[in-house]
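There are 2 protein chains.
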Amino acid sequence: MPRKPDPNHTRSNEIIRATIRCLARSGFSQLTMKRLAAEAGVSQGILHYYFRDKRAILAAAAGHVMDDLDLRVKSESANRRDGSSRLRAMIRACLAVATADREFWTVFMALWGESLHDPALASINKAAYQRARNAIGGIIEQGVREGDFMPVNIVHASAMVLALIDGISLQLTFDRNLMTVRKAERLCEEVLFAHIGK
Amino acid sequence: MPRKPDPNHTRSNEIIRATIRCLARSGFSQLTMKRLAAEAGVSQGILHYYFRDKRAILAAAAGHVMDDLDLRVKSESANRRDGSSRLRAMIRACLAVATADREFWTVFMALWGESLHDPALASINKAAYQRARNAIGGIIEQGVREGDFMPVNIVHASAMVLALIDGISLQLTFDRNLMTVRKAERLCEEVLFAHIGK
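Chains as they are written, first to last, in my numbering: chain F, 1 to 198; chain C, 199 to 396.
Chain F extracted, bound-state conformation (with noise of 0.2 Å):
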């Protein structure tokens, strides 16, 4: 029997995709509950009964595409049979959502503005990039385990894995023309597997 959907999910789903494209369209800086509200095609009621204020959604946004990206992770890397594929399809999962929408880097740049002088978002922030550290230390502890890659140390290892697929993920959202995605992936493999490659 198919799962009913939630319409509660739904609803506060629909308000984090208005969310997004009222971020993509005007920034952080222009958001307000009530051009969300209209955006979202409901009351300013309902959506104060979802989140309680701007930063709140703001909150759930990013909850929402770190989710997705956790999904695509998962999706590209099904299947692969050792480390250096599992890395090479994360790598890739991540620079796809790096170019091919917008919406992971709309919802993450707008949190960072407003988390360097607001405690609650700096520790959403905070918390999100350690999820992607574990993800990406899981890769690597297997791989090492496997005998695929160098037995480096985990913690230092998933933060460099994470700073170069950033970085050059900014650099493509800042220049579309600096480089290919696919050349963009083959040098973050090239770089990490000198790293922590056999």
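Don't take every hint at face value.
[To be verified] Only some residues are given here: those of chain F computed to face chain C with a beta carbon under 10 Å: (1) GLY27; (2) GLN30; (3) LEU31; (4) TRP105; (5) LEU111; (6) GLU114; (7) LEU116; (8) ARG133; (9) VAL155; (10) HIS156; (11) LEU162; (12) ASP166; (13) GLN171; (14) THR173; (15) LEU178.
[To be verified] Chain F regions said to be covered by chain C (calculated; three or more residues, Cβ under 8 Å): (16) 17-26; (17) 124-130; (18) 185-191.
Read the hints as simulated data drawn from the structure, not as lab findings.
Ideal placement from N, C-alpha and C gives every residue a C-beta, glycine not left out.
Keeping the supplied structure of chain F fixed, place chain C upon it in accordance with the hints.
For chain C alone, coordinates are given in the frame of chain F:
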């Protein structure tokens, strides 16, 4: 004879410094010309004489922190005799900026948040990244010429160097307990020398 200070330059510098303090305290979304004038201790008329609007000030602030980073890189790498130590000096100067004072990232995160939907700020950010890659490319090119580095594609290699430094700077900005700056420097060196070193 010492050069006389340029009063216009000093005044606009004071406004930029006040902007950075405002951004650090409450972000671009809360920045108004009125608040900024009060912070800088100037009238709104004077503020408008120097800068058309808060976007123009954000652009000027980005130029200011980029110039400051350039000076630090140059001072750190002066008298270094080979490519490896010049690259190491550049990494050190960039990571110091990410951790010792947060001005650079305060300005750039504000700029990113706006540049996704503001073409003028996007092109300023894109040019800043081009300038950073060119500076790194100069160090790599000289190192290749003098036999310290492998003969790599300069554009691609400088994109990767910048990516790693940016990415780890972000993680250190978000989470000061992730690792020491010295550790981050050593890891960047390891990863990059494994990629382009001889």
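Hints, verified against the model:
1. GLY27: Because about 5 Å separates F/GLY27 from the closest Cβ in chain C, which is inside the 10 Å limit, the hint holds.
2. GLN30: Hint on F/GLN30: holds, closest Cβ of chain C at ~8 Å, below 10 Å.
3. LEU31: holds (8 Å)
4. TRP105: This interface hint holds because 7 Å falls under the 10 Å limit.
5. LEU111: holds (9 Å)
6. GLU114: holds (6 Å)
7. LEU116: Status holds, d = 6 Å.
8. ARG133: Holds - the Cβ of F/ARG133 comes within 10 Å of chain C, reaching about 8 Å at its closest.
9. VAL155: holds (8 Å)
10. HIS156: holds (6 Å)
11. LEU162: Constraint on F/LEU162 satisfied, holds at 7 Å.
12. ASP166: F/ASP166 check passes; min Cβ-Cβ to chain C is 4 Å, inside 10 Å.
13. GLN171: OK, holds: F/GLN171 within 10 Å of chain C, min 6 Å.
14. THR173: It holds, given that the least Cβ distance between F/THR173 and chain C is near 8 Å, below 10 Å.
15. LEU178: At about 6 Å, which falls below the 10 Å cut-off, the nearest Cβ of chain C leaves the hint on F/LEU178 intact, so it holds.
16. 17-26: holds (count 4)
17. 124-130: holds (count 4)
18. 185-191: Coverage by chain C holds here, the residue count being 4 at a Cβ distance below 8 Å.
Every hint, counting from the list given before, is met by this structure.
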